[in-house]
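J.: Make the complex out of the two chains shown on their own, each in a separate frame, by following the hints.
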Amino acid sequence: MKPIYFDNHATTQLDPRVLQAMLPYFTEHFGNAASRNHAYGWEAEEAVEKSRRQIASLIGANAKEIVFTSGATESNNLAIKGVAEMYAEKGNHIITAATEHKAVLDTCKHLEKKGCRVTYLPVMGDGRIDLDMLRDAITDKTILISIMYANNEIGVVQPIAEIGKLAKERGVLFHTDAVQAVGKIPVNVIADNVDLMSITGHKMYGPKGVGALYVRRKSPRVQLTAQMDGGGHERGMRSGTLNVPGIVGLGEACAIAQAEMPEESKRLQAMRDRLRAKFESALDEVFINGSMEHRLPHNLNMSFAYVEGESLLMGIDDIAVSSGSACTSATLEPSYVLKALGLGDDMAHTSIRFGLGRFNTDAEIDYVADKLISVVQKLRELSPLYEMVKEGIDLSKVQWTAH
Amino acid sequence: MAYSNKVLDHYNHPRNVGSLDKNDSHVGTGMVGAPECGDVMKLQIKVNPETGIIDDAKFKTFGCGSAIASSSLATEWLKGKTVDEALAIKNTDIVNELALPPVKIHCSVLAEDAIKAAINDYKVKQGADVSSLVQAH
Chain A
2 MKPIYFDNHA
12 TTQLDPRVLQ
22 AMLPYFTEHF
32 GNAASRNHAY
42 GWEAEEAVEK
52 SRRQIASLIG
62 ANAKEIVFTS
72 GATESNNLAI
82 KGVAEMYAEK
92 GNHIITAATE
102 HKAVLDTCKH
112 LEKKGCRVTY
122 LPVMGDGRID
132 LDMLRDAITD
142 KTILISIMYA
152 NNEIGVVQPI
162 AEIGKLAKER
172 GVLFHTDAVQ
182 AVGKIPVNVI
192 ADNVDLMSIT
202 GHKMYGPKGV
212 GALYVRRKSP
222 RVQLTAQMDG
232 GGHERGMRSG
242 TLNVPGIVGL
252 GEACAIAQAE
262 MPEESKRLQA
272 MRDRLRAKFE
282 SALDEVFING
292 SMEHRLPHNL
302 NMSFAYVEGE
312 SLLMGIDDIA
322 VSSGSACTSA
332 TLEPSYVLKA
342 LGLGDDMAHT
352 SIRFGLGRFN
362 TDAEIDYVAD
372 KLISVVQKLR
382 ELSPLYEMVK
392 EGIDLSKVQW
402 TAH
Chain B
13 MAYSNKVLDH
23 YNHPRNVGSL
33 DKNDSHVGTG
43 MVGAPECGDV
53 MKLQIKVNPE
63 TGIIDDAKFK
73 TFGCGSAIAS
83 SSLATEWLKG
93 KTVDEALAIK
103 NTDIVNELAL
113 PPVKIHCSVL
123 AEDAIKAAIN
133 DYKVKQGADV
143 SSLVQAH
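Just so you know, the protein sequences line up as chains A and B, in that order. Heads up: the first sequence begins at 2 in this note's numbering, then just goes up one per residue. Heads up: the second sequence begins at 13 in this note's numbering, then just goes up one per residue.
The set of hints was computed from the structure by calculation and includes no laboratory data. Don't take each hint at face value.
Per the computed footprint, the stretches of chain A lying under chain B, defined by three or more beta-carbons under 8 Å from a beta-carbon of chain B, are [stated by the list, open to error]: (1) 94-101; (2) 303-309; (3) 385-393; (4) 396-402.
Even glycine gets a Cβ: it sits at the ideal position worked out from N, Cα and C.
Isolated chain B, as found in the complex (with noise of 0.2 Å):
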């Protein structure tokens, strides 16, 4: 399979790899995927209690090269935003950014649930009630 050119810069060059502190009450973690899938993210945010706009970002992703694509560009997209500008986020416009092929559309779905998975966990963090959180797919 051929990969577009952004696919091959993130995978060469992923931007944010790493971990931030799971138990920072302003971290937000989210885990989606598994194993025997073959794909597994685990993207987090760091949100500044004083503007509410997300300062940092680090993935990890165990997949593809796609996957781990989807979950870079995440990263770059959710710093700068606020909790809801980053819920704005759709697989589709991943999909569009790195030109993904349909059978690679999965890995940005997987992008988009891990982000609002990881806003999930922030706002539990932060004391949202359960009924506020937002459905992955």
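Just chain A, with the same shape it has in the complex (with noise of 0.2 Å):
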């Protein structure tokens, strides 16, 4: 049996009708979106239109507004190292935050080689930025703002629309790195003053290797430098010929999911405050990780404490999540995030991140609430951490031998 899926944050499953919406244009419908004299490429033409059309219907755009790229990774390298080149004789100051996620973050450090200056904002102990210190870090040399809608781990939805206000006000321009949210939560370009977006088809029940950037055409009218040389598609800001089936799956997965989103949304974050309740009624010592006010409705991040994360995936390796725990990352490195929101090494060590999609049900829940709190009982047994804090031990104070 595959095992039950809950890490829908890493990717989702591909919807059907998405599948069904893109087949035709990997067989008869194969033409070049960018031959214009036959019907081949209007054919293509036509359905990435519909795609544009589609995407800019979901986050209130124009559908001019949407540049296809190959994903979120690639919408990020072009959104930041394009403003930063085209705006480099307005100045050179970028502000960004911690808990990023790393195609944004080393994004900013490559800049940073190039004699750009990056502000990394910290944030507080909910995941959040904190507005104040964001007003005081602009500056009249700040050409580009850079937050994420919500976080890939913790599901933390920042106060989009409150920078959107402030960027505008200082006449920076707004990039939100928005794989998480779009598709999720009501997203409004226009409402939040977002100037620039990512966006991947991937996260929102799409394919894979398809993403789009939008970038706002009026007041103001953002220019990017190009990051590749070639045809000049998408406006001159992204050459290379179009990925028709993907780009018409993906427009296809924001129809379904603009449709889709109220209800979905409100069944997700009833099966994850399930989850939730059934943690905290069976078990003690566990910690949410990140506001749940300000939060995606499918996401839990939850520390399991005294029980090592990489140990407790074993016990479950009838369910994929994924933890923070050093042992489970290619750095050896416990969660960047998690440490960002003020968590301990120890803390991080025995998180656990829970993504619920569109296809989770809720027997599945019941299983995972179940399996997880016998092996966490399990693991809490073997564990001679939980068994000094029964004692009355401050773990703080005690010596320990690092290693």
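T.: Have a look at this one:
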């Protein structure tokens, strides 16, 4: 049996309706959307324009403001590097946050080597940035604020409308990596004063390898320096033959999300809250990481104190989730997002991220809760830390032999 | 990551889980690691005063599956050995027995350190000179 999939922040299962929409564009409608002089090209172009409208409709944009890319990593690179190069004469300062995805953080680090100055805002204990700190960080050299809509580990939603308002007042462009939010919660680039927004297909039941960047065309008209040279596709911002089947899939995924979001988000939130309630009623010493108030409806991130994350995952090998434990990461460092919230390494090691999705069921919630509770109980029997805490020992006062 | 069958076996059926009376003069307790590092092992031995043989060994471990397996295996190996024989257990023996990948070697090192720490504690309780104690990694 395949594991129960509760890792929908990593990727999502392609919706069968999306697949159906895509299939003809692999075979009979195989044209190049840039072919202007025959029906194959026109068909492909028409499909691409429909997708543009579907995406724009979901985020409150105009279809002309959608630039197709290979995914959110490319969208983030294009937005940040494209602005840094285009507006280099105006300034060289970028503001971002410590909990951003690596596609933003590493892009900023790259730009620092090229002479940009980057401010990495810390976050508060609930995972949100402090708007006063953001305000204070803006200088006359600031050209871009890049703050994610919702975090991929803890699901915390940033005060996007307030950031957008502030950016507009100060004449600074505002980019948001919205891959976890678009299609899950209402997002509107006009209401939020967003200038650039990164989107990807595979986080919202669409295909991998396709994404989009929203680039505002009016007040202000945002310009970007292209990061790839070529045929000048996508208003010169992103050259390369368009991935028509992928683009059709992304558009369809957006249309489905827009139609079903009110009901779906309510259903997933009820499931998420039930999962949390089950853990909290059966186990002591469990902690939520990040704000519950400002949070994606389908995310839960909990620390199961005194139980190391990888050993917990090992006990639930029929459930696909991820952990902030160092042992499960490529870098052997515990989650930098959780550490940014002020969590000690010890608590970061014990965290599990649950990402619910469209295809999860109530029965799966019950199974995952029961299974996880029994494994946590078993591992706590094995945990010298849990034993010490039960004996009344303050772990912070113990002289550990770090290694 | 794929775990070896032996690691899985120790994880699913850990041997000798529990605690011995740390105030007993014949019990040696070793606690190594740190919560921030993601692993803490507590390993205890009980030495028979007449035979000098380790009669019982118990462990509790906070850590990944390989850390749990390393300490579980260590308790199995300790039982029936004299203290000197126990000191001959090397982390590489644990690596080989459990087929640990390079990234998990530190788990075996921690287990060897836990054995040494438990034996040192026992020796101190028996009035040993501190200079005679073995060094951990």
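J.: Could you run down the list of hints and mark each one as holding or not?
T.: Okay, the hints, checked on the actual structure:
1. Remark: the segment 94-101 of chain A is not confirmed as covered by chain B, as 0 of its residues place a Cβ nearer than 8 Å to a Cβ of that chain, below the required three.
2. With 3 residues having a beta carbon nearer than 8 Å to a beta carbon of chain B, the segment 303-309 of chain A meets the requirement of three or more and the stated coverage holds.
3. Only when three residues or more bring their CB closer than 8 Å to a CB of chain B does the claim for the segment 385-393 of chain A stand; here the count is 4, and the claim holds.
4. Counting residues of the segment 396-402 of chain A whose CB falls under 8 Å from any CB of chain B gives 3; the rule of at least 3 is met.
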